[in-house]
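Participant: Protein chains in written order, with our numbering: chain X, 55 to 573; chain Z, 25 to 345.
Because the hints were derived from the structure by calculation, they are not lab data. For glycine and all other residues, C-beta sits at the position ideal for the given N, C-alpha and C. There are no misleading hints in this set.
Derived CB-CB ranges, DEER-like:
1. Gln201/X with Asp81/Z: 26 to 36 Å
2. Asp121/X with Val135/Z: 53 to 63 Å
3. Glu490/X with Ala210/Z: 58 to 68 Å
4. Ser164/Z with Glu329/X: 53 to 63 Å
5. Ser434/X with Val46/Z: 35 to 45 Å
6. Thr272/Z with Asp420/X: 34 to 44 Å
7. Asp81/Z with Glu189/X: 33 to 43 Å
8. Pro166/Z with Glu490/X: 51 to 61 Å
9. Arg206/Z with Asn553/X: 23 to 33 Å
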Amino acid sequence: MKSNRSGAMWLFVALAVFALTPGLAVGSKALIHGAASEPRSLDPYFHNETPTNSMNKNIHDGLVSFDAELNVMPALALKWENPDQRTWVFHLRKGVTFHDGTPFTAADVKFSIERCKSWEKSGFKATVTQIDSIEVVDDHTVKFTTQQPFGILPRKLAQVMIMSKKFVEANGNDYLADHANGTGPYKLKEWVKGDHLTLTANAAYFRGAPTIKEVVLRPLTNDPTRTAALLSGEVHIIDDAPVRDVDRIKAAGNVTVISRPSLRLIYLQMDQDRENSPKIESPTGKNPLMDVRVRKALYYGIDEEAIVKYVMNGFAHPAGQLYPSFVFGYDQSIVRPPYNPEKAKTLLKEAGYPDGFGITLDTPNDRYVNDDKIAQAVASSLAKIGIRVKVNAIPKKTFFPMTDRRETSFFLIGWACGDGDASAFLDGIAHTYDTEKGFGRYNRGRYSNPKADELIVAASGTVNPEERLKLMQNAQRIVLEDQAFIPLQFQEDIYAKSNLLEWKPRADHYMWYYDMKLK
Amino acid sequence: MFGYLVKRILQCFLVLFCVSFVVFVIMYHSGDPVEMMLPPEATQIQVQALRQHLGLDRPFHIQYWSFVKNALRGDLGKSFIFNKPAMELIVERIPATLELAVCAMVLAVVVGIPAGMYAAVRPSSWLAKTIMSGSLLGISLPVFWLGILLVLIFSVLLGWLPSSGRGQTAIMAGIRFGFLTRNGIAHLVLPAATIAVFQLALIIRLVRAGMMEVLLQDFIKFLKAKGLSERRIIFIHAMKNIMIPVVTIVGLQLGNIIAFAIVTETIFAWPGMGKLVIDSIHGLDRPVVLAYLLVVSLMFVILNFVVDVVYTFLDPRIRLK
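Work out the full structure, taking the sequences as your base and the hints as a guide.
Facilitator: As structure tokens, then:
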């Protein structure tokens with residue numbers, strides 16, 4: 055008896071020593087992510103931006119979710135059907151609980167969507183704006199009614215995390231900024247802003263307990279710092295690995311660079327509805343960008359292959375349309391025409407600008423990877439066809455309001471169809487600017503073609519996927535024939551990771567720790 | 025003394041008022057935070073609604089007036105981005121910054137004053153020459169370059185010290201401190217050294233110049249003639265006379281590195297105020313930027329006051345008026 059007890063004692067001491075030995079016990083099972091941006095809030099309806107959504111997605115679930123290629127798959131809802139064009143019935147998973155043990159029911163769904171729609175600071179209002187009403191049929195069935203037939207409702211719902219009604223009502227909005235209670239694979243353990251955010255595995259997760267038991271996100275916003283942390287072995291993975299460090303990372307033995315095409319298109323917008331455009335020096339006094347031949351000349355006159363090769367070190371693909379191949383709405387039959395400065399010059403001559411014109415190209419210099427450098431390269435490309443481009447590179451906080459006020463004639467900007475559907479681009483940019491209906495908010499060149507508008511509106515009111523696809527493809531064809539925009543490139547997401555970590559990046563740039571494995 | 029205090033407090037209010045006005049004007053004109061907060065697919069109506077909710081659709085003078093009214097009641101507003109009181113966000117970050125700044129300054133003072141004195145007393149020795157050329161290097165190295173170089177050598181190549189972050193912290197009196205754990209100290213070394221190098225070089229040069237000047241003065245000769253030991257002359261009589269400029273500079277520089285350790289904090293991912301404020305400036309988070317600059321101004325006013333008080337101890341001829 056006595057010896058038994060002292061044995062237990064020794065075991066306890068050994069365990070205590072083991073637990074206190076730094077680096078061994080904890081370090082071997084915690085995954086450390088060196089993040090390029092820190093999440094801004096743990097309230098999943100506040101900021102609709104990638105780093106924040108990515109984190110919240112680890113803590114919460116939506117009714118449905120996206121796989122790595124943005125196909126819709128079941129999550130909190132197991133299946134759904136349309137009794138009619140405007141009604142959607144979702145059948146919820148049973149036996150799911152929130153992290154605090156409260157069971158998940160249809161009331162939480164109704165509450166969540168309503169909060170998402172009505173909270174003043176919600177960044178997801180546009181995502182759920184088409185939902186008219188939600189009805190709790192029973193504890194595990196909800197019925198959505200949309201304002202008009204709305205085919206992409208599941209894609210929209212994949213972005214809306216479901217919160218616990220009880221938790222939100224008990225604690226109030228402000229509390230949610232740094233507290234969370236979801237159904238997701240990870241629970242929030244601790245968030246010391248600016249330093250680290252720690253998650254622990256939710257053993258009761260409905261898809262099965264995660265293999266990695268603890269995840270630490272460390273915000274390393276400075277590029278060289280992030281690379282150094284990876285190379286010195288302090289983190290397992292970094293996102294947005296800096297392009298200029300790629301060769302150095304590749305040269306180190308125990309780390310790998312991985313990249314994949316992202317959703318982001320970099321493109322140019324042109325002022326198309328004003329004879330007097332603010333930043334053009336035109337020999338005729340007119341706005342040359344109103345002529346489709348000039349817009350086409352710009353498209354043919356940019357050597358995008360060279361820009362991808364020399365400015366992007368190959369981490370991008372020349373774009374011939376408005377969204378990449380894994381977005382629903384992509385058109386395989388459209389290919390980018392090869393660089394053709396001769397044709398560009400001919401088109402300019404036909405349009406009455408044999409000697410070109412002068413123009414300012416506005417660009418942010420801190421928003422996209424190499425944004426201002428791409429603009430410089432565009433300028434030198436266009437110089438060869440006689441267009442004198444002055445690049446005006448400014449910080450994003452001045453750039454975006456400036457384009458909103460339309461104090462620009464020609465500008466470089468990016469877009470990502472976050473829900474994996476072409477409608478994001480078509481509704482938000484290609485449609486005529488229309489405050490009332492909420493279309494074309496980013497159509498800052500004011501392109502307008504009623505034929506395209508008609509197709510875009512028709513697509514947004516169609517439920518059948520094949521019909522929608524056809525409508526959207528036709529709309530895009532018109533927009534590209536008008537050369538309403540100049541697509542430049544699809545950028546790649548670049549990550550670098552320790553060889554101990556197994557993971558494939560996702561199209562939406564979300565860091566979904568549930569899919570990761572540590573050797 | 026009482027009159028002096030009242031004057032100082034009034035001055036302080038004037039300074040804070042001017043700072044708040046200038047910052048408000050700059051932030052008001054540098055862009056629209058709502059444009060940065062909402063996702064691109066938000067409609068114009070939703071953008072307008074949020075602008076109204078945050079009170080950003082009102083004219084400048086009304087926005088500023090409501091800020092002043094609330095500030096006088098101690099409420100500096102809620103961060104647009106974090107949806108938490110701006111003051112709370114800053115207070116959360118103060119310990120990290122303070123820890124870093126104080127460590128760096130202590131390092132600089134403890135090494136800098138003796139080194140500077142040595143360089144003044146034995147100017148022709150090889151050690152003095154090394155100190156002086158080292159200090160020249162220290163003054164001219166840009167902080168960001170030095171920081172990255174230290175990381176490259178000590179973290180990436182040698183693997184001795186962590187490259188970033190604050191590491192393990194322990195809680196003392198409800199505040200997180202890194203210097204209480206071994207891991208925390210390891211994390212502190214590189215950023216503190218990065219900041220300390222410039223301060224160290226500055227102090228060395230200041231102390232040396234002051235010392236050399238004082239050593240030529242008549243009272244030193246008199247003390248020597250009186251038969252005092254060299255040690256006593258240098259460490260007591262000469263030192264008292266060079267401390268006034270040193271205290272002034274240490275006070276001001278301490279303020280500077282607390283307020284503007286932004287570069288170092290960014291390089292080392294140090295979770296201090298500098299990193300918060302740079303993110304807030306990028307996100308046009310006006311309440312946080314304002315609160316930060318007000319806190320910093322207040323700190324400078326207080327530091328200057330402390331420096332003035334210290335003068336009276338160092339030189340009894342100085343009185344606070």
